[in-house]
Amino acid sequence: MTIVEIIVAILVVIGVIFNFLGVLGILRFPDVYNRLHASTKCVTLGEGGVLLGLTILGIKMYLAGASISFVIKPILIMLFLLVTGPVASHAIARAAYKSGVPLWPKSVVDQYKEYLEKEAAK
Amino acid sequence: MTILEFIFYGFLISAALVIIRVIRGPTAPDRVVAMDPFVTMMVVLLVVTSFLSARSIYLDIALVIAILGFIGTVAVSKYLEGGELKEGVE
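Respectively, the protein sequence lines represent chains W and H. Okay, so the first sequence: first residue is 1156 according to our numbering, each after it adds one. Okay, so the second sequence: first residue is 7 according to our numbering, each after it adds one.
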């Protein structure tokens, strides 16, 4: 194994493990908001790591004579997923709260409710 | 190439597990929260497919599916919120 393949393998293993832990969180957490936490953090980092490793592999393929698409498009997809993941999860969290999905009964703090009460009192 | 097959089967197992939450999820936001990682996992699977078959056409499809998944999530969240999709237009 060359040094490039070792770097790619480390990034890919970190990414796949993070992705699997995020999916496990989506399955096991008790609440929409907790599941959102697991999905956003772990799945975004997991896919970012895997796509970064594939980009390095694409650079190696480009130096061996393949198309330049294998370098540009994976890193473009990675940047797009890193930018849009938090935006989409923010939107769906606010939509879930405003459409009345209840919090987990053991939740200790609800700062959005305090904020809404402060806005209403103004 | 064994690295690519490792990614392929790891993401396939994760995608199969996340479908359980899509089916069981008690409310609509649960299903959307589970469907968003599913779409991004399909994007990564398409990128891996393009590297396995050495054809760059799958990368274009992956880019389009990433954009469509984001637009779908935002559209469903705006619908659940009860807002208008064309804000500012009277």
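Check before you lean on any hint, since a few could be wrong.
Taking lysine-lysine pairs in the BS3-like style, the calculated list, with each CA pair at most 25 Å apart, reads [claimed, not checked]: (1) W:1253 to W:1268; (2) W:1268 to H:84; (3) W:1215 to W:1253; (4) W:1196 to W:1261; (5) W:1277 to W:1261; (6) W:1196 to W:1268; (7) W:1196 to W:1253; (8) W:1215 to H:84; (9) H:84 to W:1253; (10) W:1196 to H:84; (11) W:1273 to W:1253.
Because the hints were derived from the structure by calculation, they are not lab data.
Cross-check of the supplied hints:
1. W:1253 to W:1268: holds (10 Å)
2. W:1268 to H:84: holds (20 Å)
3. W:1215 to W:1253: Violated, because 48 Å separates the two Cα atoms, which is more than 25 Å.
4. W:1196 to W:1261: holds (22 Å)
5. W:1277 to W:1261: Not OK: residue 1277 of chain W and residue 1261 of chain W at ~30 Å, beyond 25 Å, violated.
6. W:1196 to W:1268: Satisfied, since the Cα-Cα distance of roughly 24 Å is no more than 25 Å.
7. W:1196 to W:1253: holds (23 Å)
8. W:1215 to H:84: Not satisfied, since the Cα-Cα distance of roughly 43 Å exceeds 25 Å.
9. H:84 to W:1253: holds (10 Å)
10. W:1196 to H:84: Since the Cα atoms of residue 1196 of chain W and residue 84 of chain H sit roughly 22 Å apart, the hinted pair holds (cutoff 25 Å).
11. W:1273 to W:1253: With Cα atoms ~16 Å apart, residue 1273 of chain W and residue 1253 of chain W stay inside 25 Å; holds.
Hint compliance for this structure: hints 3, 5 and 8 are broken, all remaining hints hold.
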